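A.B. asks: Chains as they are written, first to last, in this note's numbering: chain A, 1 to 253; chain B, 1001 to 1484.
Because the hints were derived from the structure by calculation, they are not lab data.
Do not take every clue at face value.
If you want the footprint, here are the derived chain A segments under chain B, 3+ residues with CB under 8 Å [stated by the list, open to error]:
# : stretch
1 : 104-116
2 : 242-249
Over 10 Å on every C-beta distance to chain A, these chain B residues come out as not near it, computed from the model [as the list claims (entries may be wrong)]:
#  : residue
3  : K1044
4  : S1071
5  : P1072
6  : Q1085
7  : E1108
8  : E1121
9  : K1147
10 : K1202
11 : E1232
12 : G1369
13 : G1387
14 : K1428
15 : E1431
16 : M1450
Pairs of lysine to any residue residues, derived as SDA-like cross-links and limited to a Cα-Cα distance of at most 25 Å, are as follows [to be verified]:
#  : chain 1 : residue 1 : chain 2 : residue 2
17 : B       : K1473     : A       : M123
18 : A       : K151      : B       : K1473
19 : B       : K1457     : A       : H30
20 : B       : K1428     : A       : S96
In this text, all values refer to a predicted model and were calculated from it rather than measured experimentally.
For glycine and all other residues, C-beta sits at the position ideal for the given N, C-alpha and C.
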Amino acid sequence: MLVIKDLHAEVEGKKILNGIDLELAVGQVHAVMGPNGSGKSTLASVLVGRELFKVTKGSVTYDGHNLLAMEPEVRAREGVFLSFQYPVEIPGVSTSYFLRSALNAVRKQRGESELDAMDFIQMSKEKAKLVELPAALLSRSINEGFSGGEKKRNEIFQMAMLEPRLAILDETDSGLDVDALRVVANGVNALRSPDRAMLIITHYQRLLDYIVPDKTHVLVGGRIVKSGGADLAREVEERGYRWIEEEVGAASV
Amino acid sequence: MSEQTSANDLFEPGEYKYGFVTDIESDVAPPGLNEGIIRFISAKKEEPEFMLEWRLKAFRAWEKMVKDEGSPAWAHVKFPPIDYQAISYYAAPGKKKQLNSLDEVDPELLATFEKLGIPLEEQKMLTGVAVDAVFDSVSVATTFKEKLYEAGVIFCSFSEAVKTHPELIKKYLGTVVPVTDNYFAALNSAVFTDGSFCYVPKGVRCPMELSTYFRINTANTGQFERTLIVAEEGAHVSYLEGCTAPMRDENQLHAAVVELIAADDAGIKYSTVQNWYPGDKEGKGGIYNFVTKRGKCADRAKISWTQVETGSAITWKYPSVILQGEDSVGEFYSVAVTNNYQQADTGTKMVHLGKNSKSTIISKGISAGHGQNSYRGLVQMNPKAAGARNYSQCDSLLIGDKCGAHTFPYIDVRNDSGQVEHEASTSKIGEDQIFYCKQRGLSEEDAVSMIVNGFCKAVFKELPMEFAVEAQKLLNVTLEGAIG
Ligand SMILES: Nc1ncnc2c1ncn2[C@@H]1O[C@H](COP(=O)(O)OP(=O)(O)OP(=O)(O)O)[C@@H](O)[C@H]1O
Ligand SMILES: [Mg+2]
Chain A
1 MLVIKDLHAE
11 VEGKKILNGI
21 DLELAVGQVH
31 AVMGPNGSGK
41 STLASVLVGR
51 ELFKVTKGSV
61 TYDGHNLLAM
71 EPEVRAREGV
81 FLSFQYPVEI
91 PGVSTSYFLR
101 SALNAVRKQR
111 GESELDAMDF
121 IQMSKEKAKL
131 VELPAALLSR
141 SINEGFSGGE
151 KKRNEIFQMA
161 MLEPRLAILD
171 ETDSGLDVDA
181 LRVVANGVNA
191 LRSPDRAMLI
201 ITHYQRLLDY
211 IVPDKTHVLV
221 GGRIVKSGGA
231 DLAREVEERG
241 YRWIEEEVGA
251 ASV
Chain B
1001 MSEQTSANDL
1011 FEPGEYKYGF
1021 VTDIESDVAP
1031 PGLNEGIIRF
1041 ISAKKEEPEF
1051 MLEWRLKAFR
1061 AWEKMVKDEG
1071 SPAWAHVKFP
1081 PIDYQAISYY
1091 AAPGKKKQLN
1101 SLDEVDPELL
1111 ATFEKLGIPL
1121 EEQKMLTGVA
1131 VDAVFDSVSV
1141 ATTFKEKLYE
1151 AGVIFCSFSE
1161 AVKTHPELIK
1171 KYLGTVVPVT
1181 DNYFAALNSA
1191 VFTDGSFCYV
1201 PKGVRCPMEL
1211 STYFRINTAN
1221 TGQFERTLIV
1231 AEEGAHVSYL
1241 EGCTAPMRDE
1251 NQLHAAVVEL
1261 IAADDAGIKY
1271 STVQNWYPGD
1281 KEGKGGIYNF
1291 VTKRGKCADR
1301 AKISWTQVET
1311 GSAITWKYPS
1321 VILQGEDSVG
1331 EFYSVAVTNN
1341 YQQADTGTKM
1351 VHLGKNSKST
1361 IISKGISAGH
1371 GQNSYRGLVQ
1381 MNPKAAGARN
1391 YSQCDSLLIG
1401 DKCGAHTFPY
1411 IDVRNDSGQV
1421 EHEASTSKIG
1431 EDQIFYCKQR
1441 GLSEEDAVSM
1451 IVNGFCKAVF
1461 KELPMEFAVE
1471 AQKLLNVTLE
1481 GAIG
């Protein structure tokens, strides 16, 4: 479904990604780990088309199409979803109004009819339950005054509503208390499906205890330096990144 | 003909300062401003003597201002000097060219109507196309008039009111905005040709939004408009001026005056949607809109101004409330947009005189392109206004980096118990906000419009329902292409 080949990208003239290769098949869940500043969010940003990040080399195909040639909103309508590491606030725009517009944009692309207000409310009630998001939040401005945990839950709620085919979760677990973490993980697991692929960026094994990935990648210095199964995440948790860096360093000498 | 004679009598030798004589039969006054012209206007309108006297007083005040200080220079706007002698101050009403069908109308204008969702019949009325018999605006207007009449509400053109209710005009005209108030108010008082008058008697709640009337009866009131609204004890009225459809006019200068009088326990809600021609993308042309709006509140009375200002090359306007009565309430809700080379200097004055009087100011300024947007507001609490309270919130939103937002809040509290709370913010429409919307599938245009409308929400919710929706669309059309 997603094929990334030799991807190089920079931001403001600074090289961040230095040749990423990654293949994600439909139905699979991959975890991406890596030290701070290694380029995980940059990878996510490039995949969703944030203009700030310039691709200098390489290719990304999504369902056989050149993903990098698509406008960000087209990628979204085609089923690419990012749960932001830092969700922004938009004062005065209610979450439900926003999401209904978004959902209808996506549905239009899928050739489905617009959802009317009643159906939308019904659907959002169900999905809000999934991540235990209080219904009152839906009538509030997007993320405005939401707690850190509420913001993250709101992202997963939106994912549940939009039913993407490729979901990228950028540190959705950061800042969640243990209970919230379980709730969010359950939400994500509920969305795991043979028709959907997920890329989960995280620093912590504890999320991966709930969401067991098919594969784990370690990103260092803008490159995937090691890939493995679910065990690799555990190893990282125990030993940190130093040994991997050393291993890579030794190999490249 | 007696009219002829009386008019000629007015033009006594010596009055023709500029050697000017106007035939009372003529439909248009020649360019220029002098006493002769004032007399001509007054005679044309068959006004009673007191009106002429009043106009002349205003004219003399204006002349003195011209001599002493000239056009006011304190506002944060720039424009070349206006040649007041080059303007013609009177044209007979109903001179608008009639068209046969909408095909004759500028397609660009029609496209804008479309985007605003203005109904076809209304488009025709606005552009001067003959209207189908099915939609007989005159009969609809008449129905409204009957309903208002039953309730005892007087609502008519200013000229009509001068004739039918001279005692009310005499009693109230100029009591809130005196002829000497300011340069443009003096000019308006001297030369205004028409406007609206509304009188709601004691205890009456006006049976309809007076906006509805305007939707189908957009009178061409000319460049110097005069509005007077009086709500007697316990009376209530909601009035809407303007419309979202773009308004063009050959006259560049518009200087209106609006006076509101709310007696004890009365309430006046005055909403404005202003969409005068703003000039082209390079800033050429466009209307100068210099307006004086003020209301006076007696005990427990409430005056609420809501405005959405999207048009005009230059907007200069400060709807104000004099809170004379105890427990009186003044409100000002404003959205002002400047795009391309538009300039707006707008805000309000809340003058607290009465005990425990209360005021609220919510101002939302949006600047895009090279637009310059200034908020100028005064909150004054006089020694007798014990326990007075004000809450002000002035937010600016910038779109792009060539525009400007400026805030000039003046706070003047002269008693110990007055409370003023002022909040201000300036934000740029964030690339991250737009991207967040795009990542959820929304187009850039929808994203911007959503963010901007969210920013204005607190003001839009004060507008009469049907206009709130239109105002949102108007904002989108105004800001089209402002990003990217
Ligand atoms: N807008 C930007 N301008 C300049 N540098 C940037 C920008 N965005 C990211 N960077 C830099 O790119 C590098 C990679 O950042 P990125 O956010 O991708 O890291 P990350 O792996 O997600 O880290 P973390 O685990 O802390 O979230 C960092 O050095 C960061 O400072
Ligand atoms: Mg990151």
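A.B. asks: Which hints, by number, does the structure contradict?
C.D. replies: Checked against the structure, the hints that fail are numbers 2, 15, 16, 17, 18, 19, while the rest are satisfied.
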